[in-house]
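Protein sequences appear in the order of chains A and B.
The first sequence begins at 1 in the numbering used here and counts up one residue at a time.
The second sequence begins at 483 in the numbering used here and counts up one residue at a time.
Calculated from the structure, these hints are not laboratory results.
Take these hints with a grain of salt, some might be off.
To be verified - On the chain B side, residues computed to face chain A include the following (Cβ under 8 angstroms):
(1) Ala506
(2) Ala509
(3) Leu629
Claimed, not checked - Now the stretches of chain A that chain B is said to cover, found in silico as 3 or more residues with beta-carbon under 8 angstroms:
(4) 116-127
(5) 137-151
(6) 163-174
What the hints assert, rightly or not - Away from chain A, derived, C-beta distances all over 10 angstroms, residues of chain B:
(7) Met483
(8) Leu549
(9) Leu557
(10) Met628
(11) Gly636
(12) His639
Every residue, glycine too, gets a C-beta built ideally from N, C-alpha and C.
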Amino acid sequence: MNVNHFHALLPLLVLATGIVVLMLQIAWKRNIGLSAALAALTLALAALSCRFAVEVAPLQVTPLLQADRFALLFCTLFCLAGAATALLSRDYIVMRGDQPGEFFLLLLLATMGACVLAYAVHLASLLLGLELLSVSLYTLIAYPNKTVLPLEAAAKYLVLSGAASATALFGFALLYAATGTLEFATLGQKLGVTDTPQSMLLPAAAMIFTGLAFKLSLVPFHLWTADVYDGAPAPVTGFLASVAKGAVFVVLLRLFLDADLFRYRILVEVTGLLAILSMLGGNLLALLQTNIKRMLAYSSIAHLGYLMIIFMVCITSADKALAVEAAIYYLIAYTATTVAAFGLLTLISADQAERENIQLQQVSGLFWRQPLPACLMLVALLSLAGIPLTAGFIAKFYLVNAAVSGHNWVLLAALVVGSSIAIYYYLRVIYYMTRRPEEHPVVQETISGWRGRILSGVLIGSILLLGVAPQSLMHYLRAILH
Amino acid sequence: MMETLFYLAAVVALAATGLALTRANAAHALIYLIVSLLAVAVTFFLMGAPFAAALEIVIYAGAIMVLFVFVIMMLNVGEEGITREREWLSGRNWIVPGLLAALLLLELVIALRHAPTTTAGVDVTPKAVGLTLFGPYVLAVEIASMLLLSGLVGAYHLGRRFIVRRERRGGAS
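Kindly generate the complete structure, drawing on both the sequences and the hints.
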């Protein structure tokens with residue numbers, strides 16, 4: 001490895017340094033404010049350092065990692081989402097766990113896992129990144145140690161996610177036995193050669209896909225989602241729904257692109273089938289919920305379903321780059337929106353030691369009590385529903401555009417039906433938030449401090465900006481992919 | 483010849499894992515789990531990866547499993563515990579795992595006498611493992627160290643939950 005290689009890995013190096021510094025700080029003197037500030041600073045610096053790492057991209061650093069603009073874009077996104085989570089959790093976690101310092105250490109480790117996944121072009125780095133992300137998340141979910149619910153959620157996630165990782169790993173082993181390589185690109189070449197034993201490829205593909213689909217919580221691998229989202233602390237749920245899923249999707253997309261798995265039509269059709277099931281299943285289940293966190297859990301299943309259609313679009317459309325571009329844009333918009341939605345739940349629950357204010361009843365009349373956080377939720381929900389002027393609208397428009405160019409009418413129909421069901425349950429939350437004070441039981445929540453307010457402002461601004469002026473990001477994405 | 487031994491060891495591994503899963507008693511399950519890990523080590527050895535086989539025994543069967551057995555045994559203290567442990571050691575509880583382990587030992591002896599023929603045709607020496615780990619896979623080692631750190635911090639925090647609760651209860655009474 002030479003200087004250029006280190007230069008290309010700058011975000012990972014910044015994160016690793018931050019992790020060590022934060023660990024030493026906790027060992028030296030516990031101070032929650034300092035820990036949170038260090039974590040946010042590290043994540044911001046890591047996001048900034050992607051800007052410099054681009055100078056040497058694209059560059060392959062050892063067979064494991066590939067530093068290109070695709071990877072660095074997602075590194076920036078994950079680090080920014082991580083920084084938002086760190087700022088949000090500051091007041092929340094103090095109320096709920098003793099010794100809250102390690103929370104931020106684990107958050108940095110989880111973000112690092114997501115960044116490794118963005119860089120990964122090798123099944124070994126894929127697995128390591130995935131495990132780094134999941135193992136950190138187990139503890140992050142169980143972090144509040146004054147109630148039992150998070151522990152239950154973490155236990156469920158631990159068992160099911162561990163089984164999913166093991167399944168994927170078995171698939172990798174079969175793939176290695178069939179092709180003799182773990183690198184995505186070489187895998188693509190080896191799969192094209194006719195003397196590769198075909199009998200092992202089907203079980204290998206099925207196992208890998210099952211493992212990753214579980215992490216993406218696509219129907220029918222979604223059973224864990226609602227319970228884990230409900231039990232986990234709100235800022236961690238936001239991180240889990242945005243960064244953890246986004247990172248797995250990114251690596252799946254890269255696996256399909258680099259190893260050219262689009263040549264296996266049956267595999268791509270399975271992704272299409274799961275997409276349809278997730279879009280319909282997720283939205284229908286979300287209709288039944290009165291708990292906002294569970295509703296957002298099912299809606300995240302549906303959103304991953306929308307994203308999964310691009311694999312099908314890639315093989316039917318002449319313009320594969322358009323489909324990938326749509327996916328990237330959607331992922332960015334979805335991440336910003338999800339962090340915002342769970343951000344609100346964090347803000348209004350921050351002063352409670354045990355429970356969270358996550359029932360529909362509890363946000364009743366929020367507009368009259370807390371206008372700024374309510375606006376944050378409003379913008380986030382409108383963006384999730386895909387209403388114009390928000391990031392979600394442009395993202396969904398992009399997807400529809402890609403699906404039309406590929407003539408995927410069945411997928412498109414599922415997307416439209418799913419989205420129209422979704423509008424009902426998103427608007428229901430907004431309806432509750434606008435109820436007059438005399439119509440609802442009085443709930444008092446105090447929203448502490450400038451941190452939440454600034455972050456709300458920034459998130460509202462970025463969602464609207466992505467929705468009103470998406471051109472510069474679109475141009476950048478096009479420049480990456482062509 | 484080597485293939486036959488390999489499949490025999492694989493069958494032992496599967497059988498021992500199945501038995502470990504179906505035992506109602508944690509101590510018996512652990513004994514079968516150790517046999518299963520030993521069988522996996524023998525398959526590694528027969529495939530031509532003696533270093534991985536040694537690690538499997540030293541780390542999994544040796545360190546981790548013995549730790550488990552220790553903890554379970556330590557939970558059985560006092561007069562009642564002694565009778566229970568005596569029950570565990572009676573008759574068929576140790577004969578089946580013992581037979582399976584003896585079978586594995588026999589396989590190992592046969593394989594050693596026929597060395598260096600392996601099913602893969604090549605031997606992966608410790609030197610080759612080291613060169614790969616600190617050559618192309620050096621970043622994997624670094625990321626794995628972060629993974630271990632994450633597991634360690636997590637175990638520390640989750641373990642504290644029970645200590646804190648006990649302290650709180652002690653303070654209240």
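Here's how the hints hold up against the structure:
1. Ala506: For alanine 506 (chain B), the interface hint is violated, since the closest Cβ of chain A sits about 20 angstroms away, which is over 8 angstroms.
2. Ala509: violated (22 angstroms)
3. Leu629: holds (5 angstroms)
4. 116-127: Holds: 3 residues of the segment 116-127 of chain A have a Cβ under 8 angstroms from chain B.
5. 137-151: holds (count 6)
6. 163-174: Violated - the segment 163-174 of chain A has 0 residues with a Cβ nearer than 8 angstroms to chain B, which falls short of three.
7. Met483: holds (21 angstroms)
8. Leu549: Answer for leucine 549 (chain B): holds, closest chain A Cβ roughly 19 angstroms.
9. Leu557: For leucine 557 (chain B), whose nearest Cβ neighbour in chain A is about 21 angstroms away, the distance exceeds 10 angstroms, so it holds.
10. Met628: Contrary to the label, methionine 628 (chain B) does not stay out of reach of chain A, its closest Cβ about 6 angstroms off (not over 10 angstroms).
11. Gly636: violated (3 angstroms)
12. His639: Nearest chain A Cβ is 5 angstroms from histidine 639 (chain B), so the label is violated.
In summary, the structure is inconsistent with hints 1, 2, 6, 10, 11, 12 from the numbered list given earlier, while agreeing with the others.
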